[in-house]
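Asker: One letter stands for each residue in the lines below.
2 protein chains.
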Amino acid sequence: MATFSTLAYFPITIRFSWNRASYDPNKKSLSYIKINGTSAKSTTKLDMASALTSVAYISEQQVRQNIPTTKQFVDHYRQGMIIEGGVGYRQRVVIRSYEVGPDKTVTLESILNLLQETALNHVWMSGLLSDGFGATHGMMKHDLIWVVSRMQVEVDHYPIWGEVLEIDTWVGASGKNGMRRDWLIRSEATGHVFASATSTWVMMNRTTRRLSKMPEEVRAEIAPWFIEKQAITEDVLEKIVKLDNKAKYMNKDLKPKRSDLDMNQHVNNVKYVRWMLETIPDQILEAHQLTSIILEYRRECGSSDIVQSLCQPDEDGILKDGLKQDKETSLVNGFSLAAEILEGNGFLASFGNQKLRYTHLLKIDGESQNDEIVRGRTTWKKKSFSP
Amino acid sequence: MATFSTLAYFPITIRFSWNRASYDPNKKSLSYIKINGTSAKSTTKLDMASALTSVAYISEQQVRQNIPTTKQFVDHYRQGMIIEGGVGYRQRVVIRSYEVGPDKTVTLESILNLLQETALNHVWMSGLLSDGFGATHGMMKHDLIWVVSRMQVEVDHYPIWGEVLEIDTWVGASGKNGMRRDWLIRSEATGHVFASATSTWVMMNRTTRRLSKMPEEVRAEIAPWFIEKQAITEDVLEKIVKLDNKAKYMNKDLKPKRSDLDMNQHVNNVKYVRWMLETIPDQILEAHQLTSIILEYRRECGSSDIVQSLCQPDEDGILKDGLKQDKETSLVNGFSLAAEILEGNGFLASFGNQKLRYTHLLKIDGESQNDEIVRGRTTWKKKSFSP
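From first to last, the protein sequence lines are chains A and B.
The first sequence begins at 719 in my numbering and counts up one residue at a time.
The second sequence begins at 719 in my numbering and counts up one residue at a time.
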């Protein structure tokens, strides 16, 4: 017991040494400077200097990032480990003070950030991560990047400030050229599933910006990681209609700020969601909690694009989902079932399980064709007292 | 060695058990429902129900947050530990993918978030954290909250995506009624100090919103944690002037969004900084890196306030700081030393160490008195190639 306590008290030193030994091949490469594709003899002084600077820069970055070149099974720094017989990834996270909203529950944006983070750390552990944003070595060679085409997140229960979570993530095949990535977010203490998510990814040529087939070389890298398990069992995918300018809510002239751009120089996914949700009136946001969001991505949004966010409450959604059982009662009582009227109505609210649904569209302002950035659908339930 | 490796491979299970045993007093309280300050006999059914709901809610939250009621020395979940002879706190963090900007270096906003997070985790470890935003049990009893009056962050080097950091934080006395909190951010691998920060905090009555003396009860709680060490040695504090509407840059009609509010229902500090920095033209932000920011807080900003952000380049700053040595040369050559002209000037840029300085003001729109939210000063240096 004494030895055990001592180990528990000095975890950082112990793990530090252990980590160093196991996955720090880059450390050694600092003194070894290789100039890629450059013959030292034929370079001018200036070329030589810039090549050296460039290589030194990459080496320093490699050392500081410490990206492994072979598969790792445990990462103490990120509190991550390989699961699912060697192909899935689990990471433990604590909800931080700035990841929660005024009600102390984690924001949807923080959830999306954590999904991105664990996905990238999964690739990190695989030994396949090149310098790109989740791209493998094979993808780098073919000048390919990942782009997300669909994302769905279901939230049953919002974690609170200080709560400890386990996030599992894994990948699977999606058709011939795509990849599915799923996640499960659980309470570390009880194992209760708080949220689940699924997404579909395809490859795009970084230069031409056209979608690409999956090269055999890349398939060989990632297919061994594919498993069949699905976090969300998809029924037939329901079509999300394209909204037009008759949509009930609209925010115009949205301009990406420098701080909204990610490592790919694109407007971050999280910013999309913020723009979408901000069209919904505050009093609805305050009284409701998002339970589901589906995003269908259509095109990239760059730093100079001006964006419109459209939003339409979905009256059908109310009828079909939450009030399926209560339809007759409501009609008998002569209530309009429009989402806006339901909101705050004591009688109907007492049914407790009615849901609001919204259809969303983000589009580039001023373009008539190919103007859609992302279509979305959100579902909301009335907030209960407990977070 | 064999035992050692085994422990290293299964850290989560081991630490989980260890943690549970040491600081989970709340877990036991789930079945014990106590109604604070309510006589069960005199309550109506409704009162009773709401009291029970309220207590059940608090208990559930306590269990999920697991805030310790006695001092802890190690927190494996947050990778934190008590240092400095029992009064300081150190936490290891890995820079996450969404905490960096387009250049893969951590954003100032993420740094500020991490400072807040480690400060709160320090209080968490102390066993003094009540349910508030860093408030102690004594502060809760006196209905007091912390408000920050001054914050200064110096960044020498920006960590990059995936880099492992150690953040140290500790507190000291500031006058009779205030508290100083300092931080050091270091590379975990090399020990190199990347950033340092200091801040001053005072207490405010939550109801009256007036500043308060530090009650003896609170002093008794926190004074044992005070140490003298300072992360930034302050010279005489330079006054930050109040800008007026003649300021060169101005962003008007800034409205806090729901997602900008923190647990205290106030506009988050990080949002203030974003508003400040967004007044600086993009081409300057792209070519420069912030090396220092000072914030002087004057009043709270609520969710319904409309905010103006003013910004003035500081010509004196250039003369006094970066170009102290080059002043004569520059004047001889007839160059204007205005910050805007220096920017992008090949000749002067070759001096390499010139700095830009800006004075900032966030104010409530439409109020003539007591309209200042925060005054600021930022200092910037030219970006080098390497992050």
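Since the hints were derived computationally from the structure, they do not count as laboratory data.
A quick note: this is a predicted structure, and the numbers were derived from the prediction, not measured.
Warning: the hint list may mix true and false statements.
[Unchecked claim] Coverage of chain A stretches by chain B, computed from C-beta distances (three or more under 8 Å per stretch; other residues unrestricted):
1) 811-824
2) 830-840
3) 873-882
4) 972-985
Idealized CB from N, CA, C, for every residue including glycine.
Asker: Are there at least three residues in the stretch 830-840 of chain A whose beta carbon sits under 8 Å from a beta carbon of chain B?
Answerer: holds (count 4)
Asker: The stretch 873-882 of chain A covered by chain B? Criterion: 3 or more residues, Cβ-Cβ distance below 8 Å.
Answerer: Holds, because 6 residues of the stretch 873-882 of chain A bring their Cβ atoms closer than 8 Å to Cβ atoms of chain B.
Asker: Closer than 8 Å Cβ to Cβ for three or more residues is the test here. Does the stretch 811-824 of chain A pass it with chain B?
Answerer: holds (count 8)
Asker: Between the stretch 972-985 of chain A and chain B, are there enough contacts, at least three residues with CB-CB distance under 8 Å, for the coverage claim to hold?
Answerer: holds (count 7)
Comparing the model with each earlier hint shows no violations; every hint is respected.
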